[in-house]
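Protein chains: 2
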Amino acid sequence: MKPILVVGGGPAGLVAAAGAAGVGRKVILVEAKDKLGGNPIHNHYSVFTPNQVDAETAMKEILSPVEKNPNVDVRLSTMVTAVEGEAPNLKVTLKGAKGEEKVDVGAAVIATGFEHFDPGRETQVYGYYEYDDVLTLLDAEKMLKAKQFLRPSNGQKPKSVCFIQCVGSRDRQIGNQWCSKVCCGIASQQSIEVKELLPDAKVFIFYIDMRTYGFWEDDIYWKAQEEKKVNYIRGIVTEITKRGDQLVIKGEDTTMGRPMEVPMDVVVLSVGMEPSPGTKAMAKMFNLPLEHHGWIGRAGNSPLNTVSTSRAGVFVAGAAGGPADLEDSTSQGGLAALKAVGYLNGLKA
Amino acid sequence: MKPILVVGGGPAGLVAAAGAAGVGRKVILVEAKDKLGGNPIHNHYSVFTPNQVDAETAMKEILSPVEKNPNVDVRLSTMVTAVEGEAPNLKVTLKGAKGEEKVDVGAAVIATGFEHFDPGRETQVYGYYEYDDVLTLLDAEKMLKAKQFLRPSNGQKPKSVCFIQCVGSRDRQIGNQWCSKVCCGIASQQSIEVKELLPDAKVFIFYIDMRTYGFWEDDIYWKAQEEKKVNYIRGIVTEITKRGDQLVIKGEDTTMGRPMEVPMDVVVLSVGMEPSPGTKAMAKMFNLPLEHHGWIGRAGNSPLNTVSTSRAGVFVAGAAGGPADLEDSTSQGGLAALKAVGYLNGLKA
Chain A
2 MKPILVVGGG PAGLVAAAGA AGVGRKVILV EAKDKLGGNP IHNHYSVFTP
52 NQVDAETAMK EILSPVEKNP NVDVRLSTMV TAVEGEAPNL KVTLKGAKGE
102 EKVDVGAAVI ATGFEHFDPG RETQVYGYYE YDDVLTLLDA EKMLKAKQFL
152 RPSNGQKPKS VCFIQCVGSR DRQIGNQWCS KVCCGIASQQ SIEVKELLPD
202 AKVFIFYIDM RTYGFWEDDI YWKAQEEKKV NYIRGIVTEI TKRGDQLVIK
252 GEDTTMGRPM EVPMDVVVLS VGMEPSPGTK AMAKMFNLPL EHHGWIGRAG
302 NSPLNTVSTS RAGVFVAGAA GGPADLEDST SQGGLAALKA VGYLNGLKA
Chain B
2 MKPILVVGGG PAGLVAAAGA AGVGRKVILV EAKDKLGGNP IHNHYSVFTP
52 NQVDAETAMK EILSPVEKNP NVDVRLSTMV TAVEGEAPNL KVTLKGAKGE
102 EKVDVGAAVI ATGFEHFDPG RETQVYGYYE YDDVLTLLDA EKMLKAKQFL
152 RPSNGQKPKS VCFIQCVGSR DRQIGNQWCS KVCCGIASQQ SIEVKELLPD
202 AKVFIFYIDM RTYGFWEDDI YWKAQEEKKV NYIRGIVTEI TKRGDQLVIK
252 GEDTTMGRPM EVPMDVVVLS VGMEPSPGTK AMAKMFNLPL EHHGWIGRAG
302 NSPLNTVSTS RAGVFVAGAA GGPADLEDST SQGGLAALKA VGYLNGLKA
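As they're listed, the protein sequences go chains A and B. Oh and the first sequence: position 93 is 94 in our numbering, straight run, nothing missing. Oh and the second sequence: position 165 is 166 in our numbering, straight run, nothing missing.
The shape of chain A in the complex, shown without the other chains (with noise of 0.2 Å):
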């Protein structure tokens, strides 16, 4: 029985490699990184929307699963340089600190992920790499995680903080223009985690739909406004200039009709979703079509197929199929393996 190949050790992948272990199959899981646990491990994620529970106590739960289990064959560092063949003859070529392997695996899952927007490549607007106090998601996840939340410029408490939404998302002159879905979520609950660090800060978020859908509209985006007296602005900001030792966001205030200048300690910048380097090599590697956004497309073009391509044995999982939230990605890395089983289950058929 051979083997199914899954690419990418954060959260679609585990449970994808899980799950297929834990009903009988052999797996491999690739991992380009020294560790598995994908952006919420290596970005050092504080806490997960919207149940508010710790990002790393959480990703136990999906990474022992793997580690512990007999039928996860688990290789760090490595990268699929090469893929011969078609399912379920499928020949990769693996190499890592040992040097190449070839493998043949049956099936194959893609949960190879986005990466972040990079703000300094076209909106230099907001001085992501001019001004220490402009931060992104990710540096202030790492911060909060710290549970320290100072300005990097001086190291004190910043006495007013906002977050700019849609940065690199629904945005037509970068070629971003899906939505990221999560950045919304993800800045309110920041924003949370902020004032429950500094009470006397001043919390702003500058947003165009405020999309919290679903359990995080109460949960996160009404608890960030009622308990913690974070201000919502519906506006535009167009630049970031420094004014002193103090930043200054230029906008409009759309629900007063109004420009706005605001002086701030701290801005961060809510980046978006790109394909990650290993999605779009995994797409050319596997001859994998991209949907016209650019990440991998799903064969049958329907919203009740979420995981097959259109290639028979290989499927994606998570966001390398486009934005995801951590319920996308856990869940569509449930379908992929159950859908690689059923597929090699169906041949001997």
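It should be emphasised that the hints constitute simulated quantities derived from the structure, not laboratory data. None of the values given here were measured: they were computed from a predicted structure. There could be a bad hint or two in this list.
[What the hints assert, rightly or not] Partial list, computed: chain A residues near chain B (C-beta under 7 Å):
id	residue
1	I175
2	W179
3	D219
4	S303
5	T307
6	L327
7	E328
8	L339
[To be verified] Every beta carbon over 10 Å from chain B, so not counted as near; a handful from chain A, in silico:
id	residue
9	D35
10	K36
11	I42
12	V75
13	L77
14	E87
15	P89
16	K92
17	Y132
18	K203
19	I234
20	G245
21	M261
22	N346
A virtual CB, placed ideally from N, CA and C, is assigned to each residue, including glycine.
Given chain A, put chain B in place with the hints provided.
Here is chain B on its own, set in the frame of chain A:
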């Protein structure tokens, strides 16, 4: 080998049943109605969001793997009326046309979904039961599927149509604090279909936040605005009255900061999701604690776990656990089936 019970024949249940059967498990699929398909079939969905595929055609892709499958024992017009014991020794009483029967099952997947908010319940301000030309998304969906969108009051083509978002969602007063996730996308998709049938009609969508996440952003929301000239107005409608043979909507345009009073031929209420009667019944029957909004709760309180309940061997999938789009439902159906099969396999080991 005891079968897995799947309760509910909508998208989540269909994918769960086909998936578990596809890896060699026997499945009993119980559906209260006389036909499989859930809301998309029984409520005559027209076109799925965001891929804009014909709903009935797309549903065949998940219906046929179940209908053709010798491993899936489909019980239509059947209810679960009692549950005894614990997994893997659940004794479940099924009541169908031929009377009652007790079945032994090893695990269960609850996929009993949602029902649409009844806009006559507490929001009489919208006059749903009073005015013929006030519709719900459901009424509109059925008309769009039939490719005829006419005023119910007089059979004429409407010259103006508007959608009112968040009816029965994001509403503390009626107790539904959640966002129902899909209504922004569905209304936008319906507005496109209305404009295709009636290119001269003026179409408006009154919304609080436009929650067209992920690819729904440009594939649906931008398309509606740019190609179909649908007018999105950020505003709250507080009342619908009648003047002559037209409806009049009253409220506030929050972007312009001014009151509005607009005559309209047809008003569509974007009704949200509530736990279905079947979901409430199964929660009681299987003794599953509800989360604080009243949907079936997940064990562990983490976004990494979308399907496990507090009872071993009993899983939840799709909108029985909270507002869900079709991607959520089908992905969770897969993960739930995988976990159910894994649970039963683990017992052997």
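### Query
Is the Cβ of G245 of chain A farther than 10 Å from every Cβ of chain B?
holds, 33 Å
### Message
Given a cut of 7 Å on the nearest C-beta pair, is the interface hint for L339 of chain A held or broken against chain B?
### Response
Given a least distance of 4 Å, the restraint on L339 of chain A holds.
#### Entry: Hinted contact D219 of chain A with chain B - closest CB pair below 7 Å
Holds, about 4 Å.
### Message
Quick check on the hint: W179 of chain A CB to chain B CB, less than 7 Å?
### Response
holds, 6 Å
### Query
Is K92 of chain A truly not at the interface, in the sense that its beta carbon sits beyond 10 Å from all beta carbons of chain B?
K92 of chain A clear of chain B: closest Cβ-Cβ about 25 Å, beyond 10 Å.
### Interface-negative label, N346 of chain A against chain B, beta-carbon threshold 10 Å
violated, 6 Å
### Task
Quick one: work out the minimum CB distance from K36 of chain A to chain B and report holds if it exceeds 10 Å, violated otherwise.
holds, 17 Å
### Outside-interface status for I234 of chain A - nearest CB in chain B farther than 10 Å
Given that every Cβ of chain B is farther than 10 Å from that of I234 of chain A, nearest at about 13 Å, it holds.
### Distal placement of L77 of chain A relative to chain B, Cβ over 10 Å
Given that every Cβ of chain B is farther than 10 Å from that of L77 of chain A, nearest at about 21 Å, it holds.
### Query
For E87 of chain A, is the shortest beta carbon distance to chain B beyond 10 Å?
holds, 20 Å
### Query
So is M261 of chain A really clear of chain B, every C-beta pair being over 10 Å apart?
Fine: 15 Å to the nearest Cβ keeps M261 of chain A off the interface.
### Task
Classify the label on D35 of chain A as holds or violated, using whether its beta-carbon is more than 10 Å from each beta-carbon of chain B.
holds, 22 Å
In this structure, the earlier hints numbered 1, 22 are contradicted, and the remaining ones agree with it.
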